[in-house]
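All chains, full assembly: derive it from the sequences and hints.
Protein chains in written order, with our numbering: chain G, 1 to 718; chain U, 719 to 1436.
For the record, the hints were derived by calculation from the structure and aren't laboratory data.
Every clue listed holds true.
Derived DSBU-like pairs: lysine-lysine, alpha-carbon spacing no greater than 30 Å straight-line:
no., chain 1, residue 1, chain 2, residue 2
1, G, K461, G, K486
2, U, K875, G, K157
3, G, K430, U, K1148
4, G, K461, G, K487
5, U, K1021, U, K997
6, U, K1179, U, K1204
Derived DEER-like restraints, expressed as beta-carbon distance ranges:
no., chain 1, residue 1, chain 2, residue 2, range
7, U, G1269, G, G551, 47 to 55 Å
8, U, E1082, G, D176, 47 to 55 Å
9, U, L1035, G, I638, 29 to 37 Å
10, U, R984, G, D515, 55 to 63 Å
11, G, G551, U, E1082, 36 to 44 Å
12, U, R906, G, D54, 41 to 49 Å
Glycine included, every Cβ here is placed at the ideal spot set by N, Cα and C.
Protein chains: 2
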Amino acid sequence: MPVNHDAVDRDTVTEVLAGVRAEGRSALTAPEGKRIADAYGIATPGEALATSADEAVAHAGSFDGPVVLKIVSPDILHKTDAGGVIVGVESAEQVRAAYDRIVANAREYDAGARITGVQVQQMLPPGQEVIVGAVTDPTFGKVVAFGLGGVLVEVLKDVTFRLAPVTEDEAASMLDSIGAAEILRGVRGAPAVDRAALAEQIRRVSQLVTDFPEIAEVDLNPVIATPEGALAADIRVLLAESVPAPRRTHTREEILSSMTRLMQPRSVAVIGASSEAGKIGNSVMRNLIDGGFAGDIHPVNPKADEIEGRKAYASVLDVPGEVDVAVFAIPAKFVPAALEEVGARNIPNAVLIPSGFAETGEHELQDRIVAIAEERGIRLLGPNIYGYYSPWQDLCATFCTPYDVKGPVALTSQSGGIGMAILGFARTTKTGVSAIVGLGNKSDIDEDDLLTYFGEDPHTKCVAMHLEDLKDGRAFVEAARATVPKKPIVVLKAGRTSAGAKAAGSHTGALAGDDAVYDDILRQAGVIRAPGLNEMLEYARALPVLPTPQGENVVIITGAGGSGVLLSDACVDNGLSLMDIPADLDEAFMRYIPPFGAAGNPIDITGGEPPSTYEATIRLGLEDPRVHALILGYWHTIVTPPMVFAELTARVVAEARAKGIHKPVVASLAGDTEVEAASAHLFAHGVVAYPYTTEQPVAALGAKYRWARAAGLLPAKG
Amino acid sequence: MPVNHDAVDRDTVTEVLAGVRAEGRSALTAPEGKRIADAYGIATPGEALATSADEAVAHAGSFDGPVVLKIVSPDILHKTDAGGVIVGVESAEQVRAAYDRIVANAREYDAGARITGVQVQQMLPPGQEVIVGAVTDPTFGKVVAFGLGGVLVEVLKDVTFRLAPVTEDEAASMLDSIGAAEILRGVRGAPAVDRAALAEQIRRVSQLVTDFPEIAEVDLNPVIATPEGALAADIRVLLAESVPAPRRTHTREEILSSMTRLMQPRSVAVIGASSEAGKIGNSVMRNLIDGGFAGDIHPVNPKADEIEGRKAYASVLDVPGEVDVAVFAIPAKFVPAALEEVGARNIPNAVLIPSGFAETGEHELQDRIVAIAEERGIRLLGPNIYGYYSPWQDLCATFCTPYDVKGPVALTSQSGGIGMAILGFARTTKTGVSAIVGLGNKSDIDEDDLLTYFGEDPHTKCVAMHLEDLKDGRAFVEAARATVPKKPIVVLKAGRTSAGAKAAGSHTGALAGDDAVYDDILRQAGVIRAPGLNEMLEYARALPVLPTPQGENVVIITGAGGSGVLLSDACVDNGLSLMDIPADLDEAFMRYIPPFGAAGNPIDITGGEPPSTYEATIRLGLEDPRVHALILGYWHTIVTPPMVFAELTARVVAEARAKGIHKPVVASLAGDTEVEAASAHLFAHGVVAYPYTTEQPVAALGAKYRWARAAGLLPAKG
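What follows is the structure, encoded as structure tokens:
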């Protein structure tokens, strides 16, 4: 059935919804649902009243497939008893005959009955049951859902979500995003369903809930999908109790302007600076000074003239010159007054280290500072944070220990504990960092603000964020979509399994466990989701080290057959494609390998080989343009000790890079403890290497690939 | 329908199968399948020929539900045209009428037709379609399969396997082992199916293939399961081309006897011992001597009188006294002759370090040594291995570097590379080891032999095995079942994703991807499967440290709310149950926590707390008998530095153990690099602790719980 893209009639929907509201209802009746479906071109079985056989023929002709005819009479309650229903009517001739028979039967049944006409209804064809729906997610707002229908799918929760509205392409992608996607393409000789018609049902539902935010939930359940079309057998619509007020937003320029002053300040005031060792106000001062911050550092403390060798001011109002950031190191109860002064002084950023706000139940106090900040145009970081680091500015605005290894990774955490883990991990792995930011209560500055900045920051090559919630899921997705084409974003979303029971008025609602929606929508935004804390940290460390792959052909070169098998497992787990090695390349590899070694992929060079075999095969893999990424499996032997392997690999990779060949190379080192130093050496030279694990290097490569695909740098996988 | 447990008629099956073979077929016809089903009491729709209305009534009365009646006449091909089929016949009266009508119709249709009678067939009721089947797995032999029926389940591969034959309980457990198990219990108000009848179908199929090994595959597809029973609508049986000869087996006593002499030898001969540094025969000698082996070490080398200060012998035949193990360090081609001498000398164990056998394509050479060993009664370890370690005997019979940290973990690897990773990991984590054994080509000694020994070895508290295949899956399962009640077994099964396409003649066969069968059957055997190399190593390290939990109540105590959320996620991921904390215990915890801290579970003691808060809450968790395991989330602060936390926790745990309280305690440490030393301190004092990860400590606890449940030490989880 051709789809009419213009068949949207908002006025009818407005009228229907107004009627429902007027009656104090939130659930629409079936006829109301049908009117809305018709208004938005959501295909439902056709039906129309005929008052003559000719009309009946015309109606039936406008529908696909057979029809059912039913008498319509206020005097005939039991239509079937009256011979008033005939099903499975196909040809025009049959329709005409059926019309006449029904009317005749009705007259015979009750000669006095008033006959309004005959309802001609399109019969639902047999087909694949699916569910299309929409719900209002607390984080992401209107989201549209798609899954196969029936009890089984409800049990297996095989359903996918997108932000509404969706484009045609996004809607089409949903058909492939469910576990049972194959069904829709036709299995065991069954024909494929009409994908375009199905996608169009999704698109129209997403449009409906976008145009009418007061619609809380929609269920088309089931939709019958056939090779010829997709018809919603039932439509259920629920209205929201209330529509939330839109969140305060900032333009991209506003965000970039204030975040730039936050992350690259020239002048910082420390409110509550102290000379007393052990006080937070002293730690912050010492870290700013010892960290080597080149800008101005102004201590503010009414009881001191000088702190840590700097002139102290009684109030921030007295601080001279333009100030970019005010760091708060005073008890919570004093924050509002000081914040007023920060506002009066036109300082754009307040970094609120103090705790004692929403996290301890002091919601009112937090609301107060948010109100002051909004009124005064101050952006708030925190409260309840350890502060933040901006290493390229030599800035440690925190009470924690300083960290000064400049590098490509920007990390944020909602929790202080995770922030400390970031610091320890970075220090022990010597991970170079462009920012570490505590977000704490997120009273104002949120991940989307920072993401907008990091996306533009030339020092930042990878962003990693620990978060427990998003205050504005759509703003985050928007910032992520703008950033992902430039650099990878790793997200550790905590609380992913705590969704628990969620009250829902529809099937779609019941399927939309918090994490299911998060997971689908973060993936759509191109974000790499880390399954745990350690993975977030390791991805953040590894991703900037790896060049972007130029294609999907991954080759494993291993000295240990056993590692080769485990590395292959890990490739499958991480969505990587082992290259089907062409015959000429296979032969080329075999020239370097003992005759009992295995070419193919993994390439098993066997255990006892000298450094030259590793070197020759790695070089071959790097230089053949058909190979896009290498996974190395090293086996500790006396013939090729760990550091010899590490050095030769680093050298071969460097030589290739000098020739303009930039391919991601990862390595798994199996051996005695010397493999630890060898792995560190490799990591420092651009090869992501780990000892005692086959999974971790491949997971890092997999994360890089996921990003490259999301960034549109690789053709979509078939 | 009551199930007749005795309705097994082997003779009929034998007769049917003989007939099929006689005709050179491997697939049974539908009537042949039906005969076999009847012979084994596999419920199919009832059918019987009636030659009178009375008989028809009697037949129909013996079946559940409505029947269909069909004319049986050699002269009537188109039964329906002849009015010879009536469906949905229910009461006796209806059956009688239908019988008479069919016969009358037939006579009317063709007065001369010979009428054999009327077939009375039970109608298949509407119900849940499931599939029950059996296949012959190359590793495990006959396995029985169960899954929901229909195309959707085939796409989603929601199916479970067990070794055949299954008991009633095992069969019943299969109904709960599929993802869509809920369906069978009835969802959305649908009634539950007759579980006993369904389990009985599974049990009978498993009995059939066990009794007749020549049956390669059975498909009951679909079986219609209803609240009243389970009927196989179709039965498909395929015969095997050939039945493999049973593998050579050893009794448990034989295995224990030879493995004890292997792992606790008093005298070792080194065939190919050498004085030349760098040679394998020298490394083995040096490692045996330097490792401090207290038994006899006899070098065998025709060209030397003395090696490393020991008298050398020209042949193993010359070595005096009883010898338990001959370690081979000679080229492959010399192995057969030397092995004959080992046999002549009645040495029970040959440790074959040399490569150059099956792994390099030299299958014939390997077959030769296996034949010699079988003839001579020698057990072979290898070939193609690094050797083995038995630290409690100070035995390093290997060319690798020595390892002497005695402890509770026995590790084996099929691959040398993985063996080296075991060594390096153990050394760097100071993991105490009872054995490290290379299995290599597994020409003879297999995981089941070692498992049988480790199960009895008092030093071994945990067994961890890397394997790529099992030569005899049933022997492994048997050894695992005997061991698991005593100690945990961790298995890293490599090659789990490489199943690839597998030719199969049945639906069950198509569903039985190698790994699906491995996974189900290893789980049934109570084995903890490690997803990757690092997990295998970490589980092996952690499991012996953790006491066995006495119940399912897990409590998280955390200083960082952020860690608490991630630890909760990890609990769900690892099948752990967060305790619903009783009000009095909640109050007790709250006495130690700031008012804005959160009781409940996780118990958030908040970030700024002194050591005394950690101490009091951990003690409370340990001492309350309703709590069974603790997960600690530490947050690095100045108030409670990492080592202070580690020491107080170790002390509190030790105090509890002194009082007889043994509960597993794991910890996640978030903080600066000092948390690394703190984690090591905790690990050394019986608390499984990791820095920078919330997932790993919980995964270790989860593994311990999985084992405790499999060992029957905890009530089964609801």
